[in-house]
Amino acid sequence: MYTFSNKLKTFSIVLMVLGLLGVGYGFITSHKSFEEVEHLLEVEEAHHGGHGDVAGHATATAGHATDSHGEKAHGDAGHQGEDAHKEHVEHVMHQIHNRPWSALYVAAFFFMMIALGILAFYAIQIASQAGWSPVLFRVMEGMTAYLLPGALIVLAIAIFAGDHLFVWMNPDMVNPESEHFDKLVAGKSGWLNKTGFIIRGLIFIAGWSLYRHFSRKFSIAQDTAEDKSNFKKSFRIAAGFLVFFIYTESMMSWDWIMSVDPHWFSTLFGWYVFASMFVSGITVLSLITLYLKSKGQLEFVNENHLHDVAKYMFAFSIFWTYLWFSQFMLIWYSNIPEEVTYFVTRFSDYKLPFLGMVVMNFVFPILMLMNADYKRIPWFVVMAGLVILAGHYIDIFNMIMPATVGDRWFIGIPEISSILLFAGLFIFIVFTALTKAPLLVKGYPFRKESEEFHY
Amino acid sequence: MEASKVIHAIYTDDDVLMSAVKKVKAEKHHIEEIYTPFPVHGLDKAMGLAPTRIAITAFMYGLVGLTVAITMMNFIMIEDWPQNIGGKPSFSYLENMPAFVPIMFELTVFFAAHLMVITFYLRSRMWPFKEAENPDPRTTDDHFLMEIAVHGNEKELESLLAETGAVEVNLVDKEAH
Chain G
1 MYTFSNKLKT
11 FSIVLMVLGL
21 LGVGYGFITS
31 HKSFEEVEHL
41 LEVEEAHHGG
51 HGDVAGHATA
61 TAGHATDSHG
71 EKAHGDAGHQ
81 GEDAHKEHVE
91 HVMHQIHNRP
101 WSALYVAAFF
111 FMMIALGILA
121 FYAIQIASQA
131 GWSPVLFRVM
141 EGMTAYLLPG
151 ALIVLAIAIF
161 AGDHLFVWMN
171 PDMVNPESEH
181 FDKLVAGKSG
191 WLNKTGFIIR
201 GLIFIAGWSL
211 YRHFSRKFSI
221 AQDTAEDKSN
231 FKKSFRIAAG
241 FLVFFIYTES
251 MMSWDWIMSV
261 DPHWFSTLFG
271 WYVFASMFVS
281 GITVLSLITL
291 YLKSKGQLEF
301 VNENHLHDVA
311 KYMFAFSIFW
321 TYLWFSQFML
331 IWYSNIPEEV
341 TYFVTRFSDY
351 KLPFLGMVVM
361 NFVFPILMLM
371 NADYKRIPWF
381 VVMAGLVILA
391 GHYIDIFNMI
401 MPATVGDRWF
411 IGIPEISSIL
421 LFAGLFIFIV
431 FTALTKAPLL
441 VKGYPFRKES
451 EEFHY
Chain C
1 MEASKVIHAI
11 YTDDDVLMSA
21 VKKVKAEKHH
31 IEEIYTPFPV
41 HGLDKAMGLA
51 PTRIAITAFM
61 YGLVGLTVAI
71 TMMNFIMIED
81 WPQNIGGKPS
91 FSYLENMPAF
101 VPIMFELTVF
111 FAAHLMVITF
121 YLRSRMWPFK
131 EAENPDPRTT
141 DDHFLMEIAV
151 HGNEKELESL
161 LAETGAVEVN
171 LVDKEAH
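Chains as they are written, first to last, in the UniProt record's numbering: chain G, 1 to 455; chain C, 1 to 177.
It cannot be assumed that every hint is accurate.
[Unchecked claim] In silico negatives: residues of chain G with every beta carbon more than 12 Å from chain C:
#1 17
#2 125
#3 127
#4 213
[Claimed, not checked] Derived DSS-like pairs: lysine-lysine, alpha-carbon spacing no greater than 27 Å straight-line:
#5 G/228 with G/9
#6 G/293 with G/9
#7 G/448 with C/45
#8 G/311 with C/45
#9 C/25 with C/45
#10 C/22 with C/45
#11 C/130 with C/155
#12 C/23 with C/130
#13 C/88 with G/351
Since the hints were derived computationally from the structure, they do not count as laboratory data.
Please read these numbers as outputs of a predicted model, since none were measured by experiment.
Positions of the beta carbon are idealized from the N, C-alpha and C atoms, including for glycine.
Chain G with its partners taken away, still in its complex shape (with noise of 0.2 Å):
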C-alpha cells in the first residue's frame, strides 16, 4: 500500500492556498468601474500616441463585434462619438471583468480533461485487452479519481461565471425587444440554453463517473476473486463507455468550449479537444508513474513501459498537430468570413502562445521522443512531459481566452494561482485515491504478462 508522504500532502495544501490568495487577488483586482476602465484607457492611450481618436475606437469595438461580450455589432458611422466611445470601454470593461473566471475555468477544464483523457485510456486499455499496460492500472484508477469533482468545479464554473464566459447565457441576446438582441445566438438557443447546458453537463458528468466508478470496483473485487467474473464485466462496461464517452466528449467540447465563441463552428473541434485531453492524460500519468517509481514503490515498472507511454505521448502529440493542422488550414485555405475570424484574432492578438503552442506540443516532443533510447530515460521523458503539459494549457488558453479578454490577456496572478489551484487539488485527490488500493492489480488476467513486458 502506498502512503501519501506529509511533504507532498503539504506541498498540495500550499498549492492550494496559494492557488486560492491568488484567485480572490485576481477577482478583487479586476472589479473596475466604467471610471477606472476609461482612466486605465487614457494613460494606455499615452503610451502606444496612435490610434486616439475616438473613430478608432469606434472600428475597434466593430472588429470585436463577434465575440464575447453581450454587445450587438455597432460601429455604424452614423453613431455618435461619444457612444462608439462610452461603448469601447464597457467593451474593455468586460473583458477586464472576464479575466478572472477564464482563468479559473481554463486551468480547471485543464486538471478535468486530463482526468476524462486518462479515463478514456484505461477503457481502451482494458477494452483492447493490453498486456503491457496492467501494472499502471491502479496509477490510472487513481488519477481518474479527480474526475467527479473537477468535472463537477468546471460545470460549476460555467454556471457561476454565466455570461463572463458563455455569452449566450445573457438572457439579453435571445430577447428580440433587447438592443441586445443577437439573431444568430437567438437561433441556436435551442441547443445553447442554460437549463440544457446544465442538464447535458450533468448526464455527462454522470457517465463518466459511473464507468469510473464500477470500473473501479470490479478492478478492487478482481485482486480477490476466484474467478475472471470481474475482469469481463469490465472489459463490457469500457466497451460500452468508449461508445458514450466519444458522443458524449464531443458534446461536452461543443458546450464547454466551442460555445464561447457562440458565432463560430468547427466540425472536427470534438476531435480536437480529445487529442489534447488525450495526451495530456498519458504525460501526467508518465509523471505520476516516474514519481512513485522513484519513491519505490512501483518496483514492477520498468523502462519497457516508460518506453510505451513515451511512445504514446510522441504519437498523440503529433496525432494532435495533425487535428490542430487540419482544423487551421481548411478554415485558412477557404477563407470565409464568417469562420475565419477565429483564427484572425487568435492570430493577430495571440501570436506568441498560438505559435509557441505548436512549437511545445509538436516540434519540440517530435525531436526529444523520436529516438528509442531516449523514450526510457525517466528525465528525458519528464522534461518533454513538462513541455507537453505547459503546451497544452496554453492550447486551452487559446480556445477560451480570446472569445472572452480577446487582446487583454495575460499570463499573470490570475492565471498562475488557478493553476496553482488545480494542480494543488488534483494531486491531493490523486493520491489519496491511490493509498487507497496497492499500486499492483491481482487477479488482472494479464498482469503477469505486464510484470514482464519486454520491448
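Got chain G sorted already, so can you dock chain C onto it with the hints?
Relative to the frame of chain G, chain C by itself:
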C-alpha cells in the same frame, strides 16, 4: 574469414538454437553466420551483433525530403512566378506555408521510406537475379543452421555442437562468394 573449412550445425528448434548460440559464444568461438527460416527474437543480441543504424539514415533522408519540398515550392511558387492564385498570398514562403505543408509532409515521408528501403537493399546485398547464398535449402523451411569457422579445432567444435543439441554437424568446404 579465410578459413577454407566451416562447420554447419543444424538445429530444428529456435529455442535450442538460442541456447546453442549462447554456449558457443561463451566458449569464444566466432559464429560466421546463422540461417533461419524466420526472425528469431533476440538472436542478434545473443550473437552480439551491433544494432542497426537504418533509423538514423531514415531520419536524415526525411530531412533531405523536407529540404527538397521547401526549396522546390519556394522556387516555383514564390520566386519564379509569384502569381495570384485564388487570392493566396505569394509574397513570401511563410505567408503561404499552410498550403505547402501537405507536400512537405508527403515528400519527407517519401524520401525517408524509399531511400531507407534502398539503403537496406544495398547494405544487405539484395537485388533481382542475385544468386542465393543459401548453404542448405532446408533453412528456408524448418531448419536452423549455424556456421562456424574452423581453425584446426574440428574435434573440439564438433563435440561442443553435438552437446548443444544439433541434429546434424557437417564439416564442409566453404565456397567462395
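Checked hints:
1. 17: The assertion about residue 17 of chain G holds, with a minimum of 45 Å to chain C.
2. 125: At about 24 Å from chain C, residue 125 of chain G clears the 12 Å cut-off, so the statement holds.
3. 127: Holds, since 27 Å exceeds 12 Å.
4. 213: 41 Å, holds
5. G/228 with G/9: Distance of about 36 Å is beyond 27 Å: violated.
6. G/293 with G/9: 18 Å, holds
7. G/448 with C/45: Answer holds: residue 448 of chain G to residue 45 of chain C is near 24 Å, not above 27 Å.
8. G/311 with C/45: Within the cut-off at roughly 23 Å; holds.
9. C/25 with C/45: Roughly 11 Å between the alpha carbons, so the hint for residue 25 of chain C and residue 45 of chain C holds.
10. C/22 with C/45: 10 Å, holds
11. C/130 with C/155: 35 Å, violated
12. C/23 with C/130: 34 Å, violated
13. C/88 with G/351: Holds: residue 88 of chain C and residue 351 of chain G sit about 20 Å apart, inside 27 Å.
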